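Two chains, two frames, a set of hints: combine them into the complex.
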Amino acid sequence: MAKSVTLKDLWAEFDFKPNKNQEEAILQVDGPLFLTAGPGSGKTKVLLWRTLNLIVFHGVEPERIFLSTFTEKAAHQLREGLKTLLSVVTNRTRQPFDLAKMSVGTVHSICQRILSDRRFSPDSKRPRTPRLFDELEQYFYLYKPSNWNRILEASGFADQEACNHMVNLTIGREDKGSRHVAVTNAITFFNRLSEECVDPIEAKKKTRDPDIRRLLDMYRCYSRDLSMEKPFGAVDFSLLQQKALDILNQNHAAEHVYEHVIVDEYQDTNTVQELLFFKLARGNRNICIVGDDDQALYRFRGATVENLVEFEQRCKTYLGVKPKRIGLDTNYRSRQLIVKHYTDFINRCNWRREDGKGYHRVHDKKIRAHSSDGKPSVVASTPGPPEDVFSEIVGLVKKIIRQKKVADPNQIAFLFPSLKGNAKAKGFKEALEGAGLKVYAPRAGRFLELDEAEAIFGLFMLVFGKPKSEGPFSQDLMKYHQWMKDCTDFADGIAAKDKQLKGFIADKRRELELVRKDYEVIKAFVKRDRWSDEMPFTSDMRRRLAEAPGLSFRAKKALNSKYLQMVIEQRMKEKDPFKLKYIVNRATSLDWSVLDLFYQLNAFKYFRDFYDAAEVDKDEGPLCNLGIITGYLARFMDQFVPIITASYLDDEKLQKQFFLSYIYALYRREESEFEDQDDPFPKGRIPFLTIHQAKGLEFPVVVLGNPRKRNWEASETEKIARALTGRGGEPIERIGEFDNMRMFYVALSRPKNLLVIPHFRGTGQVTSPPLKQMLDEGDMLRIPEFDLRTLPEADHDSEDLGKNYSYTSDYLLYKKCPRQYMIFRKYGFVPSRSQTMFFGSLVHETIEDLHHLFIENRGKS
Amino acid sequence: MTEEEILKEIEEAFNLNYERLRLEGGHALTEDIKRLALQMVIRYWKKMPDVAEKVTDTEVKISLPEQRSPKRRKFSIEGIVDILKEEDETWMYDIKTHDGKYVEKHLRDYEKQLNVYSHIWKGLRGEELDHTAVVALSLPPQLRDALRTGDEKRIESETAKWNPLIEIPFDQKHVDETIKEFGQVVDRIEDNVFSPPTLATLKEKIGGEQFGTRICLNCDARFSCRSYRKFALGSSSPTISAFKKYIEDLGPEADVEGWTTDNLEHSEIPEAVDIEA
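Residue numbers (the numbering used here), protein chains in the order written: chain A, -17 to 843; chain B, 14 to 290.
Derived from the structure by calculation, the hints contain no laboratory data. Do not take every clue at face value.
[As the list claims (entries may be wrong)] Here are the simulated DSBU-like cross-link-like pairs (lysine-lysine), alpha carbons at most 30 Å apart as the crow flies:
{"no.": "1", "chain 1": "A", "residue 1": "600", "chain 2": "B", "residue 2": "87"}
{"no.": "2", "chain 1": "A", "residue 1": "83", "chain 2": "B", "residue 2": "118"}
{"no.": "3", "chain 1": "B", "residue 1": "218", "chain 2": "B", "residue 2": "118"}
{"no.": "4", "chain 1": "A", "residue 1": "561", "chain 2": "A", "residue 2": "539"}
Note that the structure is predicted; figures quoted are calculated from it, not measured.
Chain B with its partners taken away, still in its complex shape (with noise of 0.2 Å):
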C-alpha cells in the first residue's frame, strides 16, 4: 500500500468511529479536537512504524476479575494492550493519549499498571513477555505548532525530537498493593468521594509546569473547583481584574487561537434565522 492510501484508509476508519462514538455519546467533537485527535493517530503511525506496522494483536482486552474490595464489592480490573510478538522477544505496548509528562511524573502508577497487565498476560494466562512500555500520544506544543503550519519540514523535524515511547522496567512485584489500592479506589467511587486534590497537589510541579496549570487548565471544571481557585486566585477576596483573569483565561493562547480557526471554518452562519410565530 501506498502513504496515500494508507491515510486514506486512516481518514476513513477515523470519520466511521466518529460518527459512531458521536451517536453512542450523545455529542460531538469541536473541530479543533477533532483535528487533534486524527493527527495523533497519523503521527503515532509516522513516528513509530516498527511498532504500528507490527504488531500482532492489538486492543486485547484483558481483565483481573473476581477481586473484593476492603468493603467487600465485587469488582474486575481491565485494561487494554497492544501485543507485538516476534520470533526472540514480545512486547507489551500500552497505548495512551494523555500527557507524557503526567506519565514520567507518575511513573510508578504506570509501573503498577503494567505490573498488573503482565501479571494477567504472563500468570494467569503462561503468555510470553519480555518487555513492558507506554506510548503516550499527547503531541507536545511544538509539534502542535507545527502542523498547525502545515510546514512539512517542521512537522519533521518536531515529530524527530518527539519521544513518545517510555519503557517500563518489567517486574511482577507489587500486584497484590496495586489491586488493594485499586478496591480502595472502587470503593471511594462508590460512596461518592469526589473531592479535587489539595492545592499542594496543584502546586506540585510536573514537567517544568505546575499541577494547576498543567492539568487543571485542561479541565472545564476548574472554574467551580475549590482547590483550583485558591491555586489561581490565592486570596479568597482576589481583586476584580485578578478575578476576571482568573475566569476569562480559556488556556493557551496558540490553543485558543486554534480552536476559533478550526471551528470558524466549519461554521455556517445563517444569513436571517426562521421562527415560528
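Okay, chain A solo, but in the shape it has when bound (with noise of 0.2 Å):
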C-alpha cells in the first residue's frame, strides 16, 4: 500500500480536475457500474484514473484485471499512460509495479491470452493453443477447393455451383454462383453464428427451411474441421471467443480468477463477448462497463447494442445485483453549437418502444459542453447543385488552412458514411485537388489502385510475365485484367523514363530463364536415369547431378555448394535424406524473394523520390503505402511459399497463385489497409475517412462529406440468428433506422472547433431526413455569412501524459540510423532479411519465459 502519496496528490501532479461524475467513477470500485460516457466525455482518462486506483490504494494485483478495449491501438495507450502513472507512484513510494500479466487488450487478444494461460487449464499445464487465422487467413482457408468442397458436401448438394448459388441467395439475396462471393457470404453467417454461440445441431432442430439446414450443417464441418487443423487445431476470430468461453464453462475456479472485469466501448460487444464477461465477473461481480449506446456502430459484424441499453437488467439477471450508473455526460471536445447540434439531431428519431414501455435507447443522458464558447461552430453550405456545394467548401477549406487555424491539412478530416465509389467523396477529392490542396483516402478507392501499389505491381508483372489466361471472364475478373494493363502500362511509362531499371528488369527476366532452362536440364537427366522425385537423394547423384550437360553455372554451383553437401551427407546419415524433389528445387531456386524485390525495385528513383520526401518531412503517403505493400508481400510468403524455384514458376505457377489468386482476392475483397497503430493521418495531406474509421477520433475540423445513407434492410443474417436464438432486440424493420442515426451522430461529434454541412439540392439530390430537416429549418448558419475570425486556431495535439520512448527502440534506434527508424518503425515496412522489431521481442520474451522457468523452479525446491 503507498505511504507518502495519495491520489489527490497525483491528480494535481498530473494537472487533473475530474469533474464531480468522473471522480465518483474513479473512486467506485465496488460491485457492478455502468458508466453512459457521451462523445469527448474523458472517458480514456476514467478508466486509466481509475484502474491506477484499484492498483494503487486498493492492492489489486495488475494480473487479476481485465480491461478490454475496442482497438489494441486503445489497449497500447491505456497501458502506456498507466505505465507513466504507475512510474511517478513508484519512484515516490518505491513500490514496483509490473503490468505485464495485467490482460489489457482487444477481447480477442485477452481470449487468446486465456487459452495459454495456465490459470484457466484445468491441470494447471500450459495449455496448447490452437492457431488463429485473421479475417485474410480465414478468407483462403475457405476459398481453398479442398475445404471449400468439402464443406459444400456437407450440406449435400452434389453440384458446386448450385450450392454456391444456395449461399448467395440465402445469405446475400443475391443469384449469383460465384465461389468468392459463396465463401464472403458464408464467413458473414459463420461468424454470426459463433458469436451468437449457436450449435449447429440443436439449431437445425429449430427451423425446416430446407436451406437453412444445409447451412447449418457447412457451419458444422467448417468449425469441426477448424479444430482439426495441425497441430493444435485452427480458430477464426469469433471460434476463439467461443473457445474461451467453453474452457471458462468447463472450470469453476474461472469465476475467481480476475477481481475486477473493466469492458470500454460495451455497446460494441456481441452476444458471445456478454457471456463471457458476465462469468467472469461471477466471482466477485466486480465489472465495469464504459460506453455510449448512441455511438453503436459495429452491428453489421455481430455487436449487439442492447448489450449496454439493456446492461441494468442483464445484471440483475446474470449477477444478481443492479449496477450503479454514472453518466460522464460533459464533453472536453467541442464548442458549445456542435453539441448542441448532435445532441438535437439524435432526439429527431423516435426511440420509444412499441409497447411504450421504455426506450431502445439510454435515453436520459444529460448531454452538455465544457465549453463556454457560444461563437458560430457548425456551418452549412449554400443550397445548391454539388459542384457548387464542393468548390464553396473547398474555399472554405483553402481559407481555413491559408489562415493557420490549423497547424496541418491533416486536422481536417472529411467523414463519409462510406468512401468506396462514392460520388461526393470523387467531388471533393477533385475540387481538393483543384484547389492544390493533396488528399489522404485510404478507403476511397481499392488499395491496389493507387500509384504506388500499381507501380510495384506492374514492375513485378514486366518481371515474371503476365500471368495467361483465358475467357470467359466473369465481371470482377474483366475488371481485374484491366486493372493488370493499367499496372503495366503504369510501369512500362516508369520503366522508360529509367536506364538502370529497364536493364535491372531485363537482368531479372534472364535470371529468370536461366532457371526455367535449368530445370529442364535436370528433368531431362532424372527421366534418362528413371529416378523418381521422391527417392531418396545421395552424395552419389548430387556428384552426377552436376555434372549434367547444359547445366549453368549458378546450378553447378548450387549443387557443388560445400554447405550442401555436408546436409546431403548429414541427412543421409541421420536416414532422413533429403527426397530428389528437394534437391532440384535447391538447384533451381532463386536467392531473392518477392519482398527482396520490391526492395530492390525501390532503388530506382520514381521509388527514391518518395523517401527523400518523407525524410525530410514533405509527403507521408506514399511511404505509408508502400509499407502497407510490404505487408502484403510477407502475408504472401508466408501463406504461399516463400521461395522461388524452377518449378514454382513452370506453368505460371507462381504468377498465377500471386497475380490470379492472392492479389486478385485482395482486389475483390477490396482490401484497404491494416489498422495504424500510431499516426494513421500522414501529414501535409486532407484525410478522407469512413465514419467507421473516425470513431474514438476527434479533429479541429469535421466535414460531413456525404449527409445521406438509405435505411438498409436488416440483413438475412441478422434475421437467420434472430430465429434460430429466439433472441429479441429492435424491432426489424427499424434497425436500419437506427443504425444511421447513430452513425451520422459519431460523425457530428467529432469536430472540436467546426461543423462544415453540405447541403445539396436538385434532381437526384437526398439528404438522410432528420439532416435535411435541420438544414432546411432556416436558422442554420451558411458559409458566406460565417466569420472566420471566430474560429479559434487549434492547438497541438496536447497529449496530456506526454508519449513514451524506448532507449533502445527508440533513441538508440535513431541515433543509429533514423532513416531506418523512419521506414521500420514508424512506417511499419515489414523487412525481407533485417531483423527488426518482432525478431527482438520474440527474443526477449522467450528469454523471459526461460528466467521465469527457473524463477518458479528456485521457488519449488
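What follows is the structure, given as C-alpha cells:
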C-alpha cells in the first residue's frame, strides 16, 4: 500500500481536475458499475485513473484485472498511460508495479491469453493454443477448393455451383454462382453463428427451412474441420471467443481469476462477449462497463447494442445485483453549438419502444458542453447542386489552412458513411486537388489502384510476366484484367524514363529464364536415369547431377556447395535423406524473394523520390502505402510459398498464385489497409475517412462529406440469427434507421471547433431526413455569412501524459540510423532479411519465459 | 529439470510467443530468422547459465517519466532490464539482440544508457546496485556457421570463444546530459527529421568493418538510401556491372545460402494452382 502519496496528489501533479461524476466513477470500486460516456467526456482518463486507483490504493494485483478495449491501439495507449502514472508512484513510494501480466487488450487478444493461461487450464499445464486465423486467412482457408468442397458436400449438394447459388441467395439475397461471393457470405454467416453461440445440431431442430438447415451443416463441418487443423487446431476470431468461453465454463475457478472486469466500448460487444464478461465477473461481481449506445456502429459485425441499453436488467439476471449508473455527460472536446447540434439530431428519431415501456436508447443522458464558447461552430453550405457545394466548401477549407486555423491540413477531416465509389467523395477530392490540396483517402478506392501499388505490381508483372488466363471472364475478372493492364502500362512508363531500371528488369527476366532452362535440363537428366521425385537423395547422385550436360554455372554452384554436400551427408547419416524433389528445387531456386524484389525496385528513382520527401517531412502518403505493400508481400510468403523455384515458375504457377489468386482476392475483397498503430494520417494531406474509421477520434475541423445513407433492410444473417436464437432486439424493420442515426451522431460529434455540412439540392440529391430537417429549418448559418475570425486556432495535439520512448528501440535506433527508424519503426515496413522489432521482442519474451522457469523452479525447491 | 526438458520448455514458449507476435505485428518471420531467434535464446542459456538460471527479477520495466524536450514536448524514457540479486551484490543486465561489435564501438551510448537506468533504479527507487552490464546476444558468424553444420564439437568450441558480456563501468554521472540529448532526439522524431547518416559515417570502422558494410548491408532499405548508394557505388554514374553488383548483393554468401535452405525446407510448392474464372 502506498504511504506517501494520495490520489489527489497525483491529480495535482498531472493537472487533472475531474468533475463530480468522473471523480465518483474513479472512486467507485465495489460492485457492478455502468458508465454511460458521451462524446469527448474523458472516459479514457476515467478508466486510466480508476485502474490506477484499484492497483495503487486498493492493492489489486494487475494480473487480476481484465480490461478490454475496442482496438489494440486503445489498449496500447491505456497501458502506456498507466505505466507512466505508475512509475511516478514507484519513484515516490519505491513500490514497483509490473503490468506485464495484466490482461489489457481487445477481447480477442485477451481470449488468446485465456487459452494459453495456466490459471484457466484444468490441469494447470501450459495449454496447447490453437492457431488463430485473421480475416484474410479465414477467407483463404475457405476459398481453397479442397476445404470449400468438403464444406459444400456437408450441405448435401452434389453440384458446387448450385450450392454456391444457394449460399448467395439465402445469405446475400443475390443469385450468383461465384465461389468468392459464396465464401464471403458464408464467413458473415458462420461468424455470426459463432458469436451467438449457436449449436448447429440444436439449431437444426428449430428450423424447417431446408437451405438454413444446409447452412447449419456447413457451419458444423467448418468449425469441426478447423478444430482438426494441425498441430493444435485453428480458430477464427469468432470461434476464438467461443473457445475461450468453453474453457471458462469447464473450470469453476475461472470465475475468481479476475477481481475486476472492465469493458470499454460496450455498445459494440456481441453475445458471446457478454457471456464471457459475466462469466468472468461472477466470482467477484466487479464488472465495470463503459460505452455510449448512441455511438454503436458495429451491428454488421454481430454487435448488439442491447447489451448496453439493457445492461441494468442483464446485470440483475446474471449477477443478481443492479449496477450503479454514473453518466459521464460533459463534453470537453467540442464547442457549445456543436454539442447542441448533435444532441438535437439524435432526438429527432422516435426511440420509444413499441409497447410504450421505455426506450431503445439510454434516453435520459444529460449531454452538455464544457466549453463556454457559444460562437458559431456549425455551418452549412449554400443549398445548391454538388459542383457549387464542393467549390464553396473547398474555398472555406483553403481559407482555414491559409489563415492557419489548423496547424496542418491533416487536422481537417472529411467523413463519409462509405467511401468506395462514392460520387461525393470523388467530387470533393477533385475539387480539393484542383485547388492544390492533397488528400489521403486509403478507403476511397481500392488500395491496389493507388499509384504506388500499381507501380510495384506493374513492375512485378514486367519481371515475372503477366499470367495468361483464358475467358470467358466474369465481370470481376474482366475488371481485374484491366487493372493488370493499367499496372503494366504504368510500369512501362516508369521504366521508359529509367535506363537502369530497364536493365534491372531485363537481368531479372534472364535469371528467371536461366533457372527455367536448368529445370528442363535436370528433368531430362532425371528422366534418362529413371530417378523419381520422391527417391532418397545420395551424395553420389549429387555428383552425377552436377555434371548434367547443359547445366548453368549457377545451378552447378548450388549443387557443389560445400554446405549442401555436408547437409546431404548429415541427412543420410540420420537416415532422413532429402528427396530428389528437394534437391532439384535447391538447384533451381532463386536466392531472392518477392520482398527482396520490392526493396530492390525501391532503388530506382520513381520510388527513391518518395523516401527523400518523407525524410524531410514533406509527404508521408507514398511511404505509408509502400509500407502496406510490404505487409501484403510478407503475407503472401507466409501463406503460400516463400521461395521462388523453377518448379514454382513452371506452368506459370507462381504468376497464377500471386496475381490470379492472391492479389486478385485482395482486389475483389477491396482490401484497403491495416489498422495503423500510431499516426494514421500523414502530414500535409486532408484525410478522407469513413465514419467507422473516425470512431474515437477527434479533429479541429470536420466536413460531413455525404449527409446521406439509405436505411437498409436488415440482413438475412440478422433475421436467421434471430430466428435460431429466439433472441429479440430492436424491431427488425427499424434497424436501418437506428443504425444510421447512430452513425451520423458519431460523425457530428467528432469536431472540436467547426462542423461543416454540405447542403446538396437538385435532381437526384437526397439528404437523410433528420439532417435535411435541420438544414431546412432556417436558423442554420451558411458559409458566406460565416466569420472565419471567430474560429479559434487548433492547438497542437495535446498529449497530456506525453509519449513513452524506449531507450533501445527509439533513441538508440534513431541514433544509429534515423532513416531506418523511419522506415521500419514509424511506417512499419516488413523487413525481408534484417531483424527488427518482431525479432527482438520474440527473443526477449522467450528469455523472460526462461528466467521465469528458473525462478519458479527455485521457488519449488 | 533435465536439459531436454528445459529445451522443450524454451521451444514451447518460443512458439507461443511467436504466434502471438505474428498476429500482433501482422506478419511472419521467415524460417531462417525464426531459427536464429530460437538459437539466440538457447545459446544465451548455454553460454551464461550463471545469469540465466539466477536472475531474480526478469524484464523489469523501468521508466523516467515527466521529462520535457527542448521544444517542450512531454515524454518519458523507458527501458527493460534484468536484475540478479545475490547476498553480496546486485547486477543489472541489459540484454540486447544486436551486434556486440557495434556495442563496443558505441560504448559511450551504452554507458549513458545504463547510467540512466541506474539513476532510475538506485537514485529514484532506492534499490541496491553494484554492477551493470550489456549482454549482446547477436551470434558471431563463426558460431552461426557451426550451428548450421550441427557439429556439436564445433558449436561448443565456438560458444566458448564467444563473449556476449560487456561490463559497463557503473556510474551515475552525465545523466542530465543524456536526458537532454534524448529530448533532442524526441523532437527530431516528432518533427519528422529522418535523413540517413552521412557518407563519412558509413565509412567509419566498426570491429574491422565499415558501418556501411556491417550495418547497412543488414538493412533492407539500403537500396533506396542516398548515403548507402554513395558508399557502395562511389560515383553517381556507375558502370552497368558495378550497379548490377550493388543491387544484387543480398548479403554475405553464407547467410544467403542459409536463407534459401531454411526457407525451402518449409516450402510446399503446389502441384497446380486453382483459379476462379
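Results for each hint:
1. A/600 <-> B/87: Answer holds: residue 600 of chain A to residue 87 of chain B is near 24 Å, not above 30 Å.
2. A/83 <-> B/118: violated (36 Å)
3. B/218 <-> B/118: This hinted pair holds, its Cα atoms lying about 9 Å apart.
4. A/561 <-> A/539: Roughly 19 Å between the alpha carbons, so the hint for residue 561 of chain A and residue 539 of chain A holds.
In summary, the structure is inconsistent with hint 2 from the numbered list given earlier, while agreeing with all the others.
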